[in-house]
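Read off the chains here:
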Amino acid sequence: MSAANKEIRPPVIELGVMGWLRKNLFSNWYNSLLTIFGLYFLYILIPPLVNWIFLDANFVGSTRDDCTNEGACWIFIQQNIKLIFYGLYPTEELWRINFVYLILFISGVYLLIPNLKHKGWVGAFLLIVFPIICVVMLSGGLGLEAVETRLWGGLFLTLVIAGVGIVLSLPIGVMLALGRRSKLPVVSLLCTIFIEIWRGVPLITVLFMASNMFPLFMPEGVNFDKLIRALIGVMFFSAAYLAEVVRGGLQAMPKGQYEASQAVGLTYWRMMALVILPQSLKMVIPAIIGSFIAIFKDTTLVLVIGLFDFLGIIQFVGTNPDWLGFSHEGYVFAAAVFWVFCYAMSWYSQRLEKKLDTGR
Amino acid sequence: MSSELMIEMKNVHKWFGELHVLNDINLEINKGEKIVICGPSGSGKSTLIRCINRLEEHQRGNIIVEGTELTNDSRSIERIRGEVGMVFQQFNLFPHLSILDNCSLAPIWVRKLPKAEAKEKAMEYLKRVQIDDQAHKYPAQLSGGQQQRAAIARALCMEPRIMLFDEPTSALDPEMIKEVLDVMVGLAQGGMTMIVVTHEMGFAKEVADSIIFMDEGQIVEAKNPKDFFDNPESERTKTFLSQIL
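Respectively, the protein sequence lines represent chains F and C. First residue of the first sequence? That's 1 in the working numbering, and the numbers climb one at a time after it. First residue of the second sequence? That's 1 in the working numbering, and the numbers climb one at a time after it.
Chain F on its own, in the form it takes in the complex:
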């Protein structure tokens, strides 16, 4: 028997937990040093944090005096939860918001479950009927008492601004991207100017303009709702960014795809809708979701024009004399909720990418 016929196993050092540790954490002296330093850092950071948030925290009670333990006083959040979630929306009308949430939740779950029929109809309902339901339910009409938008606030307001901004900015962004690449010089120029102006201005400026400058240009007596002005600002701001993201995707498309579409006789809009956009949007899903996440977090800026979004209302509640000194709890809670929403978008984007992957 020659040696070549014997089974040759990998060296023991490469295998198992020890092998993994050695390979990934202690492969040489400076990696070992970094590993030890990292572990020490976690050791001094994690236990106090866990103690503060969970072990030493106060969960039961109704006033600040019930917060007797060392850790966080979650009673602060509990007692103000209505303000934080719904703002100043009248208590007896809260069911209207919850009803809208419920519809959204049910349709969303329906769309997420694989292989259900009629998803197209549910999607169309969400995009066409649902917004109408939202407007009627949330602001009033058809026998429902009107609720002025200045009473809207908290997480609810954040979701309204982010939702409208995200849903409307994508189609506008796509149109702007197509326009900028158009062969018609006027269309291309106008889209380019529009995109560059909105991208060149900070969102905070856009919001100030929408809330303070815009009314100056309007005829006397014409009064746009402040929330609507902010929504339009957020929408165009986000659309300008998305337009550039989408344009990146369009430019990455091989020329052959355009030619093949033209050769089989597709017109421009059909070519875009059926061949080019499905592929190029798919390519830029991560960047599109990145823009959505950014816009979701940027909604916190509406505070500067006197709208109390989720973060704004938490800060506001913290100035209540009964609850002074609990801003840490507020910020940690806000961070956690923002993270949940943003991570959900990120998770969905990864799922979508996998699902749509057909290879190249």
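Source of the hints: derived by calculation from the structure; they are not laboratory data. It is possible that some hints are incorrect.
Here are the simulated EDC-like pairs of lysine to aspartate or glutamate, each with C-alpha atoms no more than 20 Å apart in a straight line [to be verified]:
#1 C/205 / C/233
#2 C/178 / C/206
#3 C/205 / C/182
#4 F/282 / C/101
#5 C/31 / C/206
#6 F/183 / F/259
#7 C/112 / C/159
#8 F/183 / C/73
#9 C/31 / C/83
#10 C/119 / C/132
#11 F/183 / C/57
#12 C/10 / C/73
#13 F/183 / C/78
#14 C/121 / C/159
#15 C/119 / C/101
#16 C/127 / C/159
#17 C/127 / C/179
#18 C/137 / F/357
#19 F/255 / C/56
#20 C/127 / C/117
#21 F/226 / F/298
#22 F/183 / C/56
#23 C/238 / C/216
#24 C/223 / C/209
#25 F/355 / C/101
#26 C/31 / C/66
#27 C/31 / C/209
#28 C/223 / C/206
#29 C/137 / F/353
#30 F/255 / C/57
Pairwise CB distance ranges, derived in the manner of DEER restraints [said to hold, decoys possible]:
#31 C/15 / F/248: 27 to 35 Å
#32 C/10 / F/252: 33 to 41 Å
#33 C/61 / F/252: 33 to 41 Å
#34 C/16 / F/25: 55 to 63 Å
#35 F/182 / C/4: 37 to 45 Å
Treat the numbers as computed from the prediction; the structure is a model and nothing was measured. For each residue, glycine too, the CB sits at the ideal point set by N, CA and C.
Once you've looked at the hints, dock chain C against the given chain F.
Here is chain C on its own, set in the frame of chain F:
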């Protein structure tokens, strides 16, 4: 064979910037004729056939396809593209659609066929190019030869009266060239009017009614295969033939 005129090119010129890519092209192609165009790279042969369905715009002269003159009028372009199918060197299948959807897309959206009918017809053509068993796969899952046959089926689904082939086998591994050429020979025998840009001289000998040799944007020589290979007139043709045969 009837001599219905399908494609007529009269004094066609085209420039890419300073480069004169098509220089006074005159060409008449009758129904059922098979034309093979060959020539060195950069000679304008691809540009010539791409002008026929307006993937490239000619700048002077007239191109008339089935009685319709190609102009900037989008209706004339649409009408001609409906009659002319094209197969590309790089296949250019739509990677996000299954093979079946690749084939039924244009019939549904351009020809306005009902979905079921379009898919049925697509399956028919896929069977003819012998990849009906791959219909539900995506292009990336197919070999090059299979993809090119799918691309041929996609073009045929529009029931074109003329087929253009732009170096259909140049991007294929050698062992796959034959399966694509076989499909093309079958198509030729079925009476399709074909213009094929290719260096497959075996194919040219077998099916071409006439072989056109192009160089520097001009048609140097146009002859039936026997004369083309046996007594080429121009020096350039002779040099070219000596290099590729």
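Query - Given pair status - residue 132 of chain C, residue 119 of chain C, alpha carbons within 20 Å - result: Distance ~11 Å between residue 119 of chain C and residue 132 of chain C Cα, so the pair holds.
**Report entry** C-beta pair residue 10 of chain C, residue 252 of chain F: status relative to the range 33 to 41 Å that was hinted
**Finding:** 40 Å, holds
Requested in this report: For the pair we were handed, residue 183 of chain F and residue 78 of chain C, check the Cα-Cα distance against 20 Å.
Outcome: 18 Å, holds
Query raised in the report: Can the restraint linking residue 137 of chain C and residue 357 of chain F be considered satisfied, given a maximum Cα separation of 20 Å?
Result: Measuring from Cα to Cα gives roughly 13 Å; hence the hint holds.
Report task. Could you grab the alpha-carbon distance between residue 121 of chain C and residue 159 of chain C and see if it respects the 20 Å cut-off? Result -> Distance of about 10 Å is within 20 Å: holds.
Query raised in the report: Taking 20 Å as the top limit, are the C-alpha atoms of residue 205 of chain C and residue 233 of chain C close enough?
Result: 18 Å, holds
Query - Hinted pair residue 31 of chain C and residue 66 of chain C, Cα distance within 20 Å - result: It holds: about 9 Å lies between the C-alpha atoms, which stays within 20 Å.
Requested in this report: For the pair supplied as a hint, residue 226 of chain F and residue 298 of chain F, confirm whether the alpha-carbon distance does not exceed 20 Å.
Outcome: 17 Å, holds
Query raised in the report: Given the hint that residue 112 of chain C pairs with residue 159 of chain C, does the C-alpha gap stay at or below 20 Å?
Result: 13 Å, holds
Query raised in the report: When you check the alpha-carbon spacing of residue 127 of chain C and residue 159 of chain C, does it fall within 20 Å?
Result: 15 Å, holds
Query raised in the report: Quick one, are residue 223 of chain C and residue 206 of chain C close enough, alpha carbons at most 20 Å?
Result: 14 Å, holds
Query raised in the report: CA of residue 183 of chain F to CA of residue 259 of chain F, is that 20 Å or under?
Result: The given pair, whose Cα atoms are some 16 Å apart, holds under the 20 Å limit.
This entry satisfies every hint, going by the numbered hints stated previously.
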